[in-house]
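In the order they appear, the protein sequences are chains A and B. Residues in the first sequence are numbered consecutively from 50, following the working numbering. Residues in the second sequence are numbered consecutively from 50, following the working numbering.
Rather than coming from a laboratory, the hints here were simulated on the basis of the structure. A few of these clues could be false.
No copy is singled out in the list; a pair is fine if it fits within one copy or between any two copies.
[Unchecked claim] Heads up, simulated DSS-like pairs for lysine-lysine below, C-alpha to C-alpha not over 25 Å straight-line:
hint: 1; residue 1: K169; residue 2: K78
hint: 2; residue 1: K98; residue 2: K78
hint: 3; residue 1: K178; residue 2: K110
hint: 4; residue 1: K230; residue 2: K70
hint: 5; residue 1: K230; residue 2: K78
hint: 6; residue 1: K178; residue 2: K98
hint: 7; residue 1: K131; residue 2: K219
hint: 8; residue 1: K98; residue 2: K230
All of these numbers come straight from a predicted model, not from anything done at the bench.
There are 2 protein chains.
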Amino acid sequence: MTRDIPEISLQRLPVYLNYLKSLSGDENKYISSGAIAVALGMGEVLVRKDLAYTSSAGRPKVGYVRTELIAAIEEYLGCNAKKNAVLVGVGGLGRALLGYGGFANYGTDIVEAFDNDPAKIGTQVSGKKVYAVEELGAGIVRCNPTLAIVAVPAAAAQSVCDMLVKAGVKGILNFAPVQLKAEQGVVVRNIDVAANLAIIASML
Amino acid sequence: MTRDIPEISLQRLPVYLNYLKSLSGDENKYISSGAIAVALGMGEVLVRKDLAYTSSAGRPKVGYVRTELIAAIEEYLGCNAKKNAVLVGVGGLGRALLGYGGFANYGTDIVEAFDNDPAKIGTQVSGKKVYAVEELGAGIVRCNPTLAIVAVPAAAAQSVCDMLVKAGVKGILNFAPVQLKAEQGVVVRNIDVAANLAIIASML
Numbered sequence: 050m051t052r053d054i055p056e057i058s059l060q061r062l063p064v065y066l067n068y069l070k071s072l073s074g075d076e077n078k079y080i081s082s083g084a085i086a087v088a089l090g091m092g093e094v095l096v097r098k099d100l101a102y103t104s105s106a107g108r109p110k111v112g113y114v115r116t117e118l119i120a121a122i123e124e125y126l127g128c129n130a131k132k133n134a135v136l137v138g139v140g141g142l143g144r145a146l147l148g149y150g151g152f153a154n155y156g157t158d159i160v161e162a163f164d165n166d167p168a169k170i171g172t173q174v175s176g177k178k179v180y181a182v183e184e185l186g187a188g189i190v191r192c193n194p195t196l197a198i199v200a201v202p203a204a205a206a207q208s209v210c211d212m213l214v215k216a217g218v219k220g221i222l223n224f225a226p227v228q229l230k231a232e233q234g235v236v237v238r239n240i241d242v243a244a245n246l247a248i249i250a251s252m253l
Numbered sequence: 050m051t052r053d054i055p056e057i058s059l060q061r062l063p064v065y066l067n068y069l070k071s072l073s074g075d076e077n078k079y080i081s082s083g084a085i086a087v088a089l090g091m092g093e094v095l096v097r098k099d100l101a102y103t104s105s106a107g108r109p110k111v112g113y114v115r116t117e118l119i120a121a122i123e124e125y126l127g128c129n130a131k132k133n134a135v136l137v138g139v140g141g142l143g144r145a146l147l148g149y150g151g152f153a154n155y156g157t158d159i160v161e162a163f164d165n166d167p168a169k170i171g172t173q174v175s176g177k178k179v180y181a182v183e184e185l186g187a188g189i190v191r192c193n194p195t196l197a198i199v200a201v202p203a204a205a206a207q208s209v210c211d212m213l214v215k216a217g218v219k220g221i222l223n224f225a226p227v228q229l230k231a232e233q234g235v236v237v238r239n240i241d242v243a244a245n246l247a248i249i250a251s252m253l
């Protein structure tokens, strides 16, 4: 699936998708790149360039057929390809993620969870079974996940990352406030919630 | 606090901070921009440029004094300035955020929470009282928050954002998968967890 799209454009595709889906179908059969740009506070050229990475083609004067553009972005983002994910760390955040319905919109399903707390191992959270972290390797063989979510404390995150990479996981979403090191070919993205809040405060 | 730092550099400061704090003090009195660059897989020029925005100055040959650099980044990010935040939406994610200790590292404290569920209103979650959303305006007068966190479903997010902006909040961290519109001068950052996972899958 490696393509020429810059990461920054790729990051904007879900933003367009959310916006397009938020419009009512009756009044918005067509939508122009200009209208999208105004609604999202972006430049029109940028919008057109981003959307050109998907297979969708705008029509002169009328713009894109909204449903076709949605389908093209979803196709590009792989929303229709079912992908298994595993989650490591069933604390407050992990619990929230297991209960979150939004992953299905992108074809992702968290199928198993892992923790090192004996009180949690063997239980179910939002219908997902919690296994011992020691079983992570076996779990990855079982689920064959495309992705893993790391929601453990900072001190444990790198060793969990190493276990995941060793077991063959190629994509990791990390919530621990630490920069994970992984071999080349493994994609790691970080979401540091507290840092995001600090960045906002710094921008005020 | 408006400064000339590009947002992309600002975003990297917490990454440096986390890395510097992860090092043991005994063996790392000094650290060079080159060593930081290697550890984080970045270019040395970029690291030096980013760090130059803070008041810290590296010394020829030895580099930065690690504790001084940490202090400079923390100062720049306002970690020592106490900032109140309010949270709207006490679902699974909101609950996890209320229990998250990491905000304190950046001087942020979630002081009150708001929800529209009568079963939650009046309860305490991780020691924070939950008020009715209708009381949001009064709560903002009471807490004078620098920041607000929006963790409500997508359909409710814009109206919550409008209430926050009307009440004078200037910084919003939004977890709802929808692009919020706010007047100029209000900083909104979005964390779309499901989209991040889809982006990783698209990059594999």
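Hint check:
1. K169 / K78: Neither, since 49 Å and 40 Å both go past 25 Å.
2. K98 / K78: Within. Shortest intra-copy distance 21 Å satisfies the 25 Å Cα cut-off; inter-copy 47 Å does not.
3. K178 / K110: neither (52 Å within a copy, 53 Å between copies)
4. K230 / K70: So K230 and K70 pass the 25 Å test across copies only (16 Å; inside, 36 Å).
5. K230 / K78: between (46 Å within a copy, 23 Å between copies)
6. K178 / K98: neither (43 Å within a copy, 46 Å between copies)
7. K131 / K219: Within one copy only: 16 Å inside, 39 Å across.
8. K98 / K230: between (32 Å within a copy, 22 Å between copies)
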